[in-house]
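Undergrad: Now for the letters of each chain:
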Amino acid sequence: MSKEKFNILESTCIPLPLENIDTDQIIPARFLSLTSREGFGEYLFRDWRFDKSGNKIEGCVFNDPRYSGQVLVSGKNFGSGSSREHAVWAIAGYGFRAVVSSFFADIFRNNCLNNGILPVVVKEDYLQNLLKTIKNDPSVTVRIDLEKQLFTVLPDGESVSFEINKYKKECLLNGLDDIDYLLSIQDAIKAYELRKTLGK
Amino acid sequence: MKPETLFDKIWDSHVVKTIEGGPDVLYIDQHFIHEVTSPQAFDGLRARGINVFRPSMTLATADHNIPTQDQDLPIRDKLSRKQVETLTRNCNEFGITCYGLNDPHNGIVHVIGPELGFTLPGMTIVCGDSHTSTHGAFGTVAFGIGTSEVEMVLATQCILQPKPRKMKIHVEGKLGKGVSAKDLILYIISQLSTSGATAYFVEYAGPAITALSMEGRMTVCNMSIEMGARGGLIAPDETTFEYLRQIPSLAQDPDFHTHLGKWAQLKTDPDAVFDREFTFDAGKIKPMITYGTNPGMGIAIDETIPALEDIGDETRTSFIKSLNYMGFTPGMKLAGQPVDYVFLGSCTNGRIEDLRTFAAFVKGRKKAPGVTALIVPGSKKVEKQAIDEGLAAVLEEAGFSLRQPGCSSCLAMNEDKIPPGKYAVSTSNRNFEGRQGPGARTLLASPLTAAAAAVTGKITDPGELM
Ligand code: SF4
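Those sequence lines, one after another, are chains A and B.
Those letters in the first sequence? Residues 110 to 309, by my numbering.
Those letters in the second sequence? Residues 357 to 822, by my numbering.
Fair warning: there could be bad hints in the mix.
To be verified - Covered by chain A, according to a simulated footprint, are these stretches of chain B (three or more residues, beta-carbon under 8 Å):
#, stretch
1, 563 to 577
2, 627 to 638
3, 656 to 662
4, 716 to 725
5, 790 to 797
Claimed, not checked - Calculated Cβ distances over 10 Å to all of chain B for the following chain A residues:
#, residue
6, Asn129
7, Arg139
8, Gly190
9, Leu259
10, Ile294
To be clear, the hints were calculated from the coordinates, so they are not data collected in a lab.
These numbers come from a predicted model, not from an experiment.
For glycine and all other residues, C-beta sits at the position ideal for the given N, C-alpha and C.
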């Protein structure tokens, strides 16, 4: 089933200069009882955004009207902990299309790619500068060019390249889905099963 | 032939196909599912109009949402009830075995897989749950996946996955008295940090590892994910085989001996190369406890929390935020701090050996007034065993009571929440903000340290009471 295609994204950013943000923060467990993929956006970072009575917590970047955008920029080791894909559904549901960090947890990164969210890895010092730049000027816009694998702070910042494996890049650019691919090679899967039962 | 690691041997023999410049198509031998991360995957199958490809290779259980008291009554929380019912309905519709609530085989997915003989050496195992790494204790390549990937496995019994790099963690020497597998892994994570093994698959080896029981090995492999590793495994040996011989369904299989022979071959070749290697000395490890909000923030129970000067610049903001949340200060000593809750359970330490350890320690002692203890077996089987062995009676005598199995306070999706601001010594695997309930403050430790806290009402080195 095709997904939204990703090519070039130009957007302002929301900065989150903390390390080791785990998926329990991104979406607390008590919101995992939904049985569809929709509706998680409003619970994104729920306990950082709202207090117990449901009032906005002041000082939380998500409640600061100066910051908005489709790019989340976060400290090292983003998305660690639980494998819950709900974290990515919440990020997507909130309106993000890309997350920038110097390091992502493995399962989280796969989950992003499987939902059309682009994880962009940049060097630690670049990240620290970027976080500072956004903090000083919340209106700063970045450009993410997936085809060329380039990340740029507009208008005239230096472009840095980022890695993504060729297969996943194609999937994102064309809005393709892994399951379609796997279903298309079912004969190879059956042949593997046969080899296995015959002891190769 | 080029020498290979055990991980290579298992992974490579399960590759159906390699996509150029992309991931491997990996065949999965055993798939586990639970109520939280599967409903959207089944919806996906329905939307595509396809069936489960190999229904007999998936096993389901309800564990995350379920209450740990009055399990015979309908689940009170509406959403949780719906999620558990949805699992049963999906499994019926697609022909998958489901050990749901009240089934004698029910329990936490990573506890029942091994105890019922579904987890076998040499397998590839996945589950929509990061602690799938637990099964690596049997010499399997087992790792957690997201819901889109659950759908892939249901649809094709395969998953697209880049091959992780390989790390070896060698543990020399012998664990001291009162120091357990939990302390060992908390120590390793405190040394490597929560991202120290990201992108790697770990093999644990060395005398301190082989000396562990299967329960201990599961505790170690379980927490591999807490240092970011894709998974962790331990080569199967006589301890593994003896555990498997005790499982009736396996021992009765006429081919069991042939299997044993094959499993005995599952080892890393002597000269195989790992991408990274670490060596630790078990003799240096003391009972551990965490003071912060990720599992890497651990210290020996008699140490002090690091001072601010010892923390690097980029990490400082997170460190201060974390200590504020916990209500601690840099340089502070943890021993002697009052404790409100104790949680014994989870897929890390909810097995029979953990209950035995806890019961043996509290025997002849009394629960401290003011401490609320949640003692939660990992499965129906563990619960029954605890009753049959008289552990439940020992616990009662000391002022504790045994609850019914489930994930419980490990992630507090059910009613077993720790109230805001309260301190809980927990044998689970994550001390993230709000993990045990909004505002809850979690201190991860071993069952023995949990028992010591339960009877003293304070953070206590169990060694002092032994
Ligand atoms: S016990 Fe905790 S860690 Fe284990 S499966 Fe349940 S929720 Fe996850």
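Undergrad: Each hint: holds or not?
TA: Each hint, compared with the structure:
1. Residues of the stretch 563 to 577 of chain B with a Cβ under 8 Å from some Cβ of chain A number 0, which does not satisfy the need for three, so the listed coverage is violated.
2. For a cut-off of 8 Å, the count of residues in the stretch 627 to 638 of chain B with a CB near a CB of chain A stands at 0, and the three-residue condition is violated.
3. Counting residues of the stretch 656 to 662 of chain B whose beta-carbon sits less than 8 Å from any beta-carbon of chain A gives 0, not enough to reach three: the coverage restraint is violated.
4. A stretch counts as covered by a chain when three or more of its residues have a beta carbon under 8 Å from one of that chain; for the stretch 716 to 725 of chain B and chain A the count is 0, and the coverage is violated.
5. A stretch counts as covered by a chain when three or more of its residues have a beta carbon under 8 Å from one of that chain; for the stretch 790 to 797 of chain B and chain A the count is 4, and the coverage holds.
6. The claim that Asn129 (chain A) lies off the interface is violated: its Cβ sits roughly 5 Å from the closest Cβ of chain B, which falls inside the 10 Å cut-off.
7. Not every Cβ of chain B is farther than 10 Å from the Cβ of Arg139 (chain A); the closest lies at roughly 6 Å, contradicting the non-interface assignment.
8. Against the 10 Å criterion, Gly190 (chain A) falls within the reach of chain B, whose nearest CB is about 6 Å from its own CB.
9. Here Leu259 (chain A) stays apart from chain B, with its beta-carbon at least about 19 Å from theirs, past the 10 Å limit.
10. With a least CB separation of 6 Å from chain B, Ile294 (chain A) falls inside the 10 Å interface cut-off, contrary to its annotation.
The earlier numbered hints that this structure contradicts are 1, 2, 3, 4, 6, 7, 8 and 10.
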